[in-house]
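Asks: Sequence:
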Amino acid sequence: MNYKNFVFDFGNVLASFDGEELLTHFCEDKKDRALLKKIIFENWQALDEGTIRYQDYIDQALLQTPEHLHKNVRAFFKDWHRYLTPLTQTWDFIRELKASGHSIYLLSNAPVYFADHASEVYEILKEFDGILFSAPVLLAKPQPEIYRLLFDKWDLDPQDCFFLDDKPENIEAAKKAGMNGIVFTGDIEAVKAAAFS
Numbered sequence: 001m002n003y004k005n006f007v008f009d010f011g012n013v014l015a016s017f018d019g020e021e022l023l024t025h026f027c028e029d030k031k032d033r034a035l036l037k038k039i040i041f042e043n044w045q046a047l048d049e050g051t052i053r054y055q056d057y058i059d060q061a062l063l064q065t066p067e068h069l070h071k072n073v074r075a076f077f078k079d080w081h082r083y084l085t086p087l088t089q090t091w092d093f094i095r096e097l098k099a100s101g102h103s104i105y106l107l108s109n110a111p112v113y114f115a116d117h118a119s120e121v122y123e124i125l126k127e128f129d130g131i132l133f134s135a136p137v138l139l140a141k142p143q144p145e146i147y148r149l150l151f152d153k154w155d156l157d158p159q160d161c162f163f164l165d166d167k168p169e170n171i172e173a174a175k176k177a178g179m180n181g182i183v184f185t186g187d188i189e190a191v192k193a194a195a196f197s
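Reading the sequence shown from the start, the letters are residues 1 to 197 in this note's numbering.
Derived from the structure by calculation, the hints contain no laboratory data.
By construction, the Cβ of each residue, glycine as well, lies at the ideal position given by its N, Cα and C atoms.
Among the hints, erroneous ones may be present.
What the hints assert, rightly or not - For each label pair, taking beta carbons as the anchor points, the in silico distance ranges come out as:
1) V183 / S119: 39 to 49 Å
2) N2 / A75: 40 to 50 Å
3) P136 / K78: 16 to 26 Å
4) N2 / E67: 21 to 31 Å
5) K31 / D157: 43 to 53 Å
6) P86 / L35: 23 to 33 Å
7) D152 / E42: 28 to 38 Å
Unchecked claim - Only pairs whose alpha carbons sit at most 27 Å apart, straight line, appear in this in silico DSSO-like list of lysine-lysine:
8) K37 / K78
9) K153 / K175
10) K4 / K98
11) K167 / K153
12) K176 / K192
13) K4 / K31
14) K4 / K37
15) K153 / K98
16) K175 / K98
17) K78 / K38
18) K192 / K4
19) K30 / K98
20) K37 / K71
21) K153 / K4
22) K167 / K98
23) K71 / K126
24) K71 / K31
25) K37 / K126
26) K98 / K71
27) K4 / K175
28) K153 / K176
29) K38 / K4
30) K153 / K37
31) K30 / K78
32) K153 / K78
33) K4 / K126
34) K31 / K78
35) K175 / K37
36) K30 / K192
37) K175 / K192
38) K30 / K4
39) K167 / K38
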């Protein structure tokens, strides 16, 4: 199949998203980090879906956090978006695709705060022809509506698109929407075999 368009997730496809690893930048104590991980990520899905304001989420987290860790929580929510480690093999693959005339799109579950600031930090996003983050549109993968929005927004034929996402349920939903794809594990050669064979 000759796909015209490649659609990428962000977390664990363009850059690593690991809550525990992220928190090492904001808290040294292992026990404190475990507590913060539970508090900060417990309802992260609501941020991805845009069903809670970012500041309200921070306020709720602070209510559950011991006072000596409040500064850590505030620092995390201000700067976490800067600490996702780029997956450079994916970046190289995107540049290869662009050079060979493919269009590149992003479909990612992420809070509004990340959507607002990601392009300041991750230069690869300049290569993209279209970017769709979940929270600003009040939808999230694997909801069918977010895939339809992607296709409608950029007038894409799902059959011309190939999707990379680290979550099997999101690939399954993409296939139901008519877009082929692969569960991304970091293996670019496996992606090439699936997309170009």
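Asks: Work down the list of hints and note, for each, if the structure agrees.
Replies: Do the hints match the structure? See the list:
Distance hint check for V183 and S119: the Cβ-Cβ separation is about 26 Å, which falls outside the suggested range of 39 to 49 Å. One distance hint, 40 to 50 Å for the beta-carbon pair N2 and A75, holds here, with the actual separation near 47 Å. Checking the proposed 16 to 26 Å range against P136 and K78 shows it holds: the Cβ atoms sit about 20 Å from each other. The supplied range of 21 to 31 Å is broken by N2 and E67, whose beta-carbon atoms lie about 59 Å from each other.
Range check, K31 to D157: about 52 Å between beta-carbon atoms, so the 43 to 53 Å window is met. Checking the proposed 23 to 33 Å range against P86 and L35 shows it holds: the Cβ atoms sit about 29 Å from each other. Range check, D152 to E42: about 33 Å between beta-carbon atoms, so the 28 to 38 Å window is met. Between K37 and K78, the direct Cα distance comes to roughly 16 Å. Compliance with the 27 Å bound is thereby established for this hinted pair.
A C-alpha spacing of about 18 Å is found between K153 and K175, which places the hinted pair at or below 27 Å, so the restraint holds. Taking the CA atoms of K4 and K98, the gap is about 10 Å. The hint holds against a cut of 27 Å. Taken as a hint, the K167 and K153 pair is honoured in the structure, with Cα atoms around 23 Å apart against an allowance of 27 Å. Straight-line distance between C-alpha atoms of K176 and K192 comes to about 22 Å, which keeps the hinted pair within the 27 Å bound.
Distance hint between K4 and K31 is unfulfilled; the C-alpha atoms sit about 48 Å from each other, more than 27 Å. A hinted pair counts as satisfied when its Cα atoms are at most 27 Å apart, and K4 with K37 does not qualify at roughly 40 Å. A C-alpha spacing of about 20 Å is found between K153 and K98, which places the hinted pair at or below 27 Å, so the restraint holds. Under the criterion of a C-alpha separation no larger than 27 Å, the hint pairing K175 with K98 is consistent with the structure, at around 24 Å.
Taking the CA atoms of K78 and K38, the gap is near 18 Å; set against the 27 Å cutoff, the hint holds. For a cut-off of 27 Å, the pair hint linking K192 to K4 stands: about 14 Å separates their Cα positions. A hinted pair counts as satisfied when its Cα atoms are at most 27 Å apart, and K30 with K98 does not qualify at roughly 42 Å. Annotation: proposed proximity of K37 to K71 holds, straight-line Cα distance about 15 Å (limit 27 Å).
At roughly 16 Å between alpha-carbon atoms, K153 and K4 fall within 27 Å of each other, so this suggested pair holds. With a CA separation close to 24 Å, the supplied pair K167 and K98 stays within the 27 Å bound. With a C-alpha separation of about 33 Å, the suggested pair K71 and K126 falls outside the 27 Å cut-off, and the hint is violated. A distance of roughly 16 Å separates the Cα atoms of K71 and K31; the hinted pair therefore holds under the 27 Å criterion.
Taking the CA atoms of K37 and K126, the gap is near 31 Å; set against the 27 Å cutoff, the hint is violated. At most 27 Å may separate the alpha-carbon atoms for a hinted pair to count; K98 and K71 exceed this at roughly 42 Å. A threshold of 27 Å between alpha carbons decides the hint, and for K4 with K175 the separation of about 16 Å falls inside it, so the pair holds. Our distance criterion of 27 Å between C-alpha atoms is met by K153 and K176, whose separation comes to about 19 Å.
Between the alpha carbons of K38 and K4 the distance comes to roughly 41 Å, so the proposed pair goes past 27 Å and is violated. A hinted pair counts as satisfied when its Cα atoms are at most 27 Å apart, and K153 with K37 does not qualify at roughly 35 Å. Distance hint between K30 and K78 is fulfilled; the C-alpha atoms sit about 21 Å from each other, no more than 27 Å. Distance check on the hinted pair: K153 and K78 sit about 30 Å apart at the alpha-carbon level, beyond 27 Å; violated.
Of the pairs offered as hints, the one joining K4 and K126 holds, with about 19 Å between alpha carbons and a cut-off of 27 Å not exceeded. Proposed proximity of K31 and K78 is supported: the alpha carbons are some 22 Å apart, at most 27 Å. Between K175 and K37 the alpha-carbon distance is near 32 Å, which puts this suggested pair outside the 27 Å criterion. Between the alpha carbons of K30 and K192 the distance comes to roughly 39 Å, so the proposed pair goes past 27 Å and is violated.
Proposed proximity of K175 and K192 is supported: the alpha carbons are some 18 Å apart, at most 27 Å. At roughly 46 Å between alpha-carbon atoms, K30 and K4 are farther apart than 27 Å, so this suggested pair is violated. For the hint linking K167 to K38, the alpha-carbon distance of about 21 Å falls within 27 Å, and the restraint holds.
Consistency note: the structure conflicts with the earlier hints numbered 1, 4, 13, 14, 19, 23, 25, 26, 29, 30, 32, 35, 36, 38.
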